[in-house]
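Engineer: Sequences and hints are given; from them, build the entire structure.
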Amino acid sequence: MDNLIDIKGVTHAYKTPNGPLPVLDDLNLTVPEGEFAAVVGPSGCGKSTLTRLVAGLMKPDRGEVWLHGELVKSPRKTVGMAFQNPVMLEWRTILQNVILPLEIVAPSMPSADRKARAMELLSLVGLEGFENKRPSELSGGMRQRASLCRAIVHKPDVLIMDEPFGALDAFTREDLWQTMHQLRANEPFTAVLITHDLRESVYLGDQVIVLSGRPATTQFVLDVGYPGEGLRQLDGLYTPQCAEMLATLRDQIRIAQGRQPGPAVH
Amino acid sequence: MRMAQKIGVPILAIGLFVAFWEFLVWANGWPDYVMASPSDLPKAYARFWELFLVGSWQTLWRTVAGLGLAVIFGTLLGMIMGFSRIARDGLYPLLVGFNAVPKATLVPVLALLFIGQHNFNTVLMAFLISFFPIAVSVGIGLSTLEPEYRDILRSLGASKVTIFRKIALPKTLPEFFGALKVSVTLAFIGTNLVEIISPHGRGLGALFLSGQTNSNYPLMFAVLIALAVLGILLYYGVVALEKIFAGWAERLQG
Ligand SMILES: Nc1ncnc2c1ncn2[C@@H]1O[C@H](COP(=O)(O)OP(=O)(O)O)[C@@H](O)[C@H]1O
Ligand SMILES: [Mg+2]
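Going down the list, the sequences are from chains A and B.
full-length UniProt numbering puts the last residue of the first sequence at 266; the count rises by one with no breaks.
full-length UniProt numbering puts the last residue of the second sequence at 254; the count rises by one with no breaks.
None of these hints come from the bench; they were simulated from the model.
No incorrect hints appear here.
Computed spacing ranges between beta-carbons, pair by pair:
| id | chain 1 | residue 1 | chain 2 | residue 2 | range |
| --- | --- | --- | --- | --- | --- |
| 1 | A | ALA167 | B | VAL96 | 32 to 40 Å |
| 2 | A | MET109 | B | GLN117 | 51 to 59 Å |
| 3 | A | GLU90 | B | ALA13 | 28 to 36 Å |
| 4 | B | MET3 | A | GLU120 | 40 to 48 Å |
Okay, derived cross-link-like pairs now, BS3-like style, lysine-lysine, Cα gap no bigger than 27 Å in a straight line:
| id | chain 1 | residue 1 | chain 2 | residue 2 |
| --- | --- | --- | --- | --- |
| 5 | A | LYS73 | B | LYS166 |
| 6 | A | LYS155 | B | LYS166 |
| 7 | A | LYS73 | B | LYS160 |
| 8 | B | LYS243 | A | LYS133 |
Here a beta-carbon is modelled for each residue, glycine too, at the ideal position from N, C-alpha and C.
Structural biologist: Dropping the structure here:
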């Protein structure tokens, strides 16, 4: 009942010189409050389009997007976004970058409070001591950490991430997965994560949504039963439960790509 | 050490250049009316220093005024082209064509249009010749802004003005200053063009012309040197502004 994100029958086509390009076709998706939804699907199927619709950056041709019981017609201040490109403003320090959303959303907030809030997040993701550095002085992983801080600094109730870890090396990526769990333990938010990494979707998601090939529709939803108690451990990914979930997802992706499901891969 | 190198090396280079010039004139035995030598110049400056001061000031302020107009108009035009695809498609060929016209041909046109308005004509020419690089760079800078940069603020409901002020404007500053370095030299050329071609001009260009009519060759060379110095001052003025407002971009390349 208390779904934070409710996407109902969303259909969308881009206008291109070669005529309309259908991208989403009667897509339905619900994410309960506080849950983490990981979305996977073939590349070019319309995942980024979906994030732009949820953020209110564009309107679907048909269907509705509801956030917190309100119909989304335009951007809202209660959304945070992170992309594959950390989109750091090079002329600002890391601290000033993280503060940016507060300048828009809470213009009357005292600057000391803004700074305190940003510092709280920066130390949570291990960037304490780097707040006065320029983005160009940081590694890609550190920039992406700062980008995550910026996405949630204004306490949005929805965090939308479009392949935020896609450009990072495997070790940095796993570090950031753990950071993601730490952030969620500290800050309650509902999240939509677009990813092309199935292990990432299982490790981070409460549910994994597989989109079909373009035009995308919800093809399959997996409820993640992650092994172990408390904060998820990376080791859990190597248990039989996870192997089974990953195999299921792989089959679904193959179907989405328009191929026959092959023999189960473990 | 680095500072000393930064100042010392250019001074040494200039010294070597002057020495070579002096040597060349001496070795060839050129008389004054073929090629003045550096040692002739102090006399020319001593005799006409008042004219140099007045002329330099006139050339300087008219260049800066023209450049100022070019910055305002060029930025506005760049914004229009950066934000609207239709405006870009429509204006671009027009601008390229305008830029291709040799500006010397405009001097008589302007002189006829605004008879006797020497200051106005000069500033106008400095402006006309220098706004193009600014408009193009601002236009390209804005139109190539990655959508994510806009989206991080747009998704919070920020207005177009806020997005421009907080993201688009600072992000295009490095390109803007790159263009401004070209434009400042162009504006300077535009000013001098009018000063030299106009019959009753003012500024260093007019001083050059009077040196020519009086066959005072050391004066002509002295004006050229003064122009070079003024040009260097203007250029490094822009570099200083760039350091202040877009210094962050330097680290990106380094
Ligand atoms: N603004 C646009 N105009 C036209 N076509 C677009 C636009 N944005 C994306 N597309 C096309 O729509 C399809 C889906 O894009 P996107 O949502 O970015 O896919 P994904 O993120 O899943 O890779 C792609 O084929 C892409 O080329
Ligand atoms: Mg995408």
